[in-house]
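Chain by chain, the residues run as shown.
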Amino acid sequence: MATTFARRLLEALGSDIVLTEPADLAAFGYDGYKEHGNPSAAIVPRDVREVATAVRIARECDEPVIPRGAGTGLCGGAVPVRGGLVVSFTRMNRLLELDVRNRRARVQPGLINLDLSNAIARHGVFYAPDPSSQKISTIGGNVGTNAGGPHCLSYGTTTNHILGLQYVDDAGHIHRTGLADAGYDLTGLLVGSEGTLGVITEIDVRLMRLPEAVRVYVAAFADVESASEAVSAIIGAGIVPVALEIMDKLITQAVEAHYHAGFPAEAGAVLLVETAGPCDDMDDAERVIRQIARDHGALSWRSARDAAERAVLWAARKGAAGAVGRIAPNYYIQDACVPRTKLPQVMRQVERIARDHRLPVGNVFHAGDGNLHPLLIFDRRDARQVQAVIDAGSEILQTCIALGGTISGEHGIGYEKRSSLSLVFTTQDLAAMARVRDVFDPMRAFNPDKIFPSGAVCGEVTAASNAA
Amino acid sequence: MISSNPFALGSRAPARIEEPGDARRVAALLTAAGESGSAVVAFGGATLQSIGNAPQRYDIALTLRRLDRVLQYDPRDLTIGLEAGITLESAQRALAQARQFVPFDAPLPRRATVGGTLAAGWAGPRRATYGHLRDLLIGSTVALTDGTLASAGGMVVKNVTGYDMSKVYVGSLGTLGIIVRANFKALPQPAGQRVAIAPLSDDARDRTLGALGQLTVEPTAALVVEGFFERAPRVRDEDARLLVVFEGSALVIDRATRDLRSVLGKCGVAETLLFDGAAAAAVLQDTIDAYIEPVDDRSITYRSTGIPSTVWERTAGACAIVRACGARYDFVADLCTGDAIVRIAGASASHAADALVEIDPELRRAQPGITVLAGDPRLRAQVDAWGSVPSAFETMRAIKTRFDPAATLAPGRYVGGL
Chain A
4 MATTFARRLL EALGSDIVLT EPADLAAFGY DGYKEHGNPS AAIVPRDVRE VATAVRIARE
64 CDEPVIPRGA GTGLCGGAVP VRGGLVVSFT RMNRLLELDV RNRRARVQPG LINLDLSNAI
124 ARHGVFYAPD PSSQKISTIG GNVGTNAGGP HCLSYGTTTN HILGLQYVDD AGHIHRTGLA
184 DAGYDLTGLL VGSEGTLGVI TEIDVRLMRL PEAVRVYVAA FADVESASEA VSAIIGAGIV
244 PVALEIMDKL ITQAVEAHYH AGFPAEAGAV LLVETAGPCD DMDDAERVIR QIARDHGALS
304 WRSARDAAER AVLWAARKGA AGAVGRIAPN YYIQDACVPR TKLPQVMRQV ERIARDHRLP
364 VGNVFHAGDG NLHPLLIFDR RDARQVQAVI DAGSEILQTC IALGGTISGE HGIGYEKRSS
424 LSLVFTTQDL AAMARVRDVF DPMRAFNPDK IFPSGAVCGE VTAASNAA
Chain B
77 MISSNPFALG SRAPARIEEP GDARRVAALL TAAGESGSAV VAFGGATLQS IGNAPQRYDI
137 ALTLRRLDRV LQYDPRDLTI GLEAGITLES AQRALAQARQ FVPFDAPLPR RATVGGTLAA
197 GWAGPRRATY GHLRDLLIGS TVALTDGTLA SAGGMVVKNV TGYDMSKVYV GSLGTLGIIV
257 RANFKALPQP AGQRVAIAPL SDDARDRTLG ALGQLTVEPT AALVVEGFFE RAPRVRDEDA
317 RLLVVFEGSA LVIDRATRDL RSVLGKCGVA ETLLFDGAAA AAVLQDTIDA YIEPVDDRSI
377 TYRSTGIPST VWERTAGACA IVRACGARYD FVADLCTGDA IVRIAGASAS HAADALVEID
437 PELRRAQPGI TVLAGDPRLR AQVDAWGSVP SAFETMRAIK TRFDPAATLA PGRYVGGL
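As you go down the protein sequences, you meet chains A and B in turn.
Once you know that position 132 of the first sequence is 135 in our numbering, the rest is easy, because the numbers rise by one and skip nothing.
Once you know that position 52 of the second sequence is 128 in our numbering, the rest is easy, because the numbers rise by one and skip nothing.
If you're looking for bench data, these hints aren't it; they were derived computationally from the structure.
Virtual Cβ for every residue (Gly too), placed ideally from N, Cα, C.
One or more hints might be untrue.
[Unchecked claim] Incomplete in silico selection of chain A near chain B, CB under 10 Å:
{"hint": "1", "residue": "Gly241"}
{"hint": "2", "residue": "Ile410"}
{"hint": "3", "residue": "Asp432"}
{"hint": "4", "residue": "Ala435"}
{"hint": "5", "residue": "Met446"}
[Claimed, not checked] Partial list, derived from the structure: chain B residues whose beta carbon lies under 7 Å from chain A:
{"hint": "6", "residue": "Gly207"}
{"hint": "7", "residue": "Gly223"}
{"hint": "8", "residue": "Ser227"}
{"hint": "9", "residue": "Met231"}
{"hint": "10", "residue": "Val232"}
{"hint": "11", "residue": "Asn235"}
{"hint": "12", "residue": "Thr237"}
{"hint": "13", "residue": "Met241"}
{"hint": "14", "residue": "Val244"}
{"hint": "15", "residue": "Thr381"}
{"hint": "16", "residue": "Trp462"}
{"hint": "17", "residue": "Pro466"}
{"hint": "18", "residue": "Ser467"}
{"hint": "19", "residue": "Ala474"}
Using the sequences and the accompanying hints, generate a full structural model.
Written out as structure tokens, the structure reads:
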């Protein structure tokens, strides 16, 4: 029996757009986080007018609105924890305009990240933010979490590549923002707001010219600490490659078992370096970086021969979490960021914390940015291990905060970490953010219970861990 | 007499000047001002106070010059935490010791402050390469009218912890809060910098601008400058010149120069002046200083933003309007960012005022987004500093009301009278 809400949506938009049957809705209750919710309805709109109509109806029926990309988020950002309307952008997935001359494109939020760069490569341009999920995650979702990726080291995160937005506000009105326009930077506020300020329906992205030359190197180290020291030394020497990634032995072996990319599987840690730019500089950069690696105990150094080999190495690196999923019963991936010089120290602490809790840990991380991703391996059928993961995850976050870092570098706060936000920010800091929320979403209708700590809500599940 | 007061804005001078020594005191002053119904305007180096309208009320000038410290800087982190009142030059000097920099690229760096540059939303000519200041700002602390200090972001380069509040204060002209601390991503200095200047005759211009797309090394910045003779150097007495900045290793700069000369040669531009190192930096800084430089009391400067492919059309269009109204112009057309800076000068203050009566409405008709950047206060008072009201203006108004309910902070200064 359809509710009034479902009936009104169906009347306004039709059964092609609106899903109301529990079986159809099940998939919209999940993302990459362990908790799930039960939406009252979902829509798969074709255009912004349909989004606006649905938002208006949801408001009138007092139902929350949860925008959804590909559902790859790891922190529950797309989980409809209070039910409500899920807006899925799988149909709004087009590249609307490409302006190569001015290096910009207008896209719909459901466009898959990698599809954009693939579609425009022949024009000599690319879209820089490249989260590991880029084969399936959407640009709209990336905007929601201000997603990062290995190449943020040189190119910056998603927010540095968004020039303007179209969004639907809580009254169902459509607005456009742009960095070139006068007025407060609403674009900058909306990026990374995890769907709590409005529903983003179009995105103007900045494109970059493909570099003249690209090289990828793989260096083996005895342990994560020495690899981390090498990274700090490279950055400290004033060299910013486009990517500096580290995988420890556990991760490298999982990756090699699946991808056979040629990483040194016996090494304690592997450093993946990418440099890009004018071809004149490539040899010098290699010489300097290689020397620093050697000075920090690099055991081997290899240069990818060609684009195909580079692609294999990157595919394997970006598939690291999935590869661990094949060898571990469950894992929990943490996301935190510290000042770059604190990296060796934080890696020692992560190792100690995992040991204290008797949990295997794998480390795969954006070392150049100080952005770590420990993967804690556990079996969710074992209550001790589940509790150990929760405790260890929390200790890792507190360690990062104590070292001057923060609790999310690129995955977002979502549902999972919202109670930790007050570890980073004071009441006054959070009050300023709440003012912005009050303006955009006074009724807390957009993605409720995300980002911000809230008072106890009846039936709320304590954030635990996200399992693969 | 008002013009002799360095804190005067438009026809108003403040009753009081406050010079707080720390961030808490800044916040406390805002609360006190709100309670007494006073209006506050924050001051850095006052280099960009000409952006926006004069405040409708103005009682207290709050200068941040005593907040001038480097708070946190470990060069190996490639991040720096600065107090808002530090001058751009001092900040840059601290960074230069470790061969790093932040591309502030704003006018008059010995006076201009970090907080003022951010509040003004300054966007320099190298941003196509290095990013806008907003993109390098990784954290901030702001004094709010309720007396609190609110921080956002941090000292890490990747951060999605809470809203990215720092962004909303950038370019807000101190109408939401007063920036007291700013944390930046620092960049390693490029190994070298070269500025190439070539004359650009009317005949060669279109051909040359079209051919620049063929350069194999992307310029860090590329400007067409006409006039501003007291500032940017020129090869001959040509009216316009092309100013191209290359940064990087000696190998790259040399290839870029050969490449540029070859492209220019094919377009019939034979001469190129080259400046390297400190001389290059000085030429670039002098050009940026020109953006806000007045001609006595008889000029006003507009800024037009947009996509790079329309910058020439917008610049030429604006200049045609100025010419038709009998005034003189100088301009900078930024080929990489799309900014156009057009300075309009009359033969005298009254001639400028008369010409502006015709010019301003024409400019607005042609380019609704054009804004006033600098100029004589009396000329600026004659026109609205802002162009058309943006699409989400009601949201902006609500943000202003929520952050500054008593309209303590520079009331009337911002877009749409906020």
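Hints versus structure:
no.	hint	verdict
1	Gly241	holds, 4 Å
2	Ile410	holds, 6 Å
3	Asp432	holds, 5 Å
4	Ala435	holds, 4 Å
5	Met446	violated, 14 Å
6	Gly207	holds, 6 Å
7	Gly223	violated, 9 Å
8	Ser227	holds, 5 Å
9	Met231	holds, 6 Å
10	Val232	holds, 4 Å
11	Asn235	holds, 5 Å
12	Thr237	holds, 5 Å
13	Met241	holds, 6 Å
14	Val244	holds, 5 Å
15	Thr381	holds, 4 Å
16	Trp462	holds, 5 Å
17	Pro466	holds, 4 Å
18	Ser467	holds, 5 Å
19	Ala474	holds, 4 Å
Consistency note: the structure conflicts with the earlier hints numbered 5 and 7.
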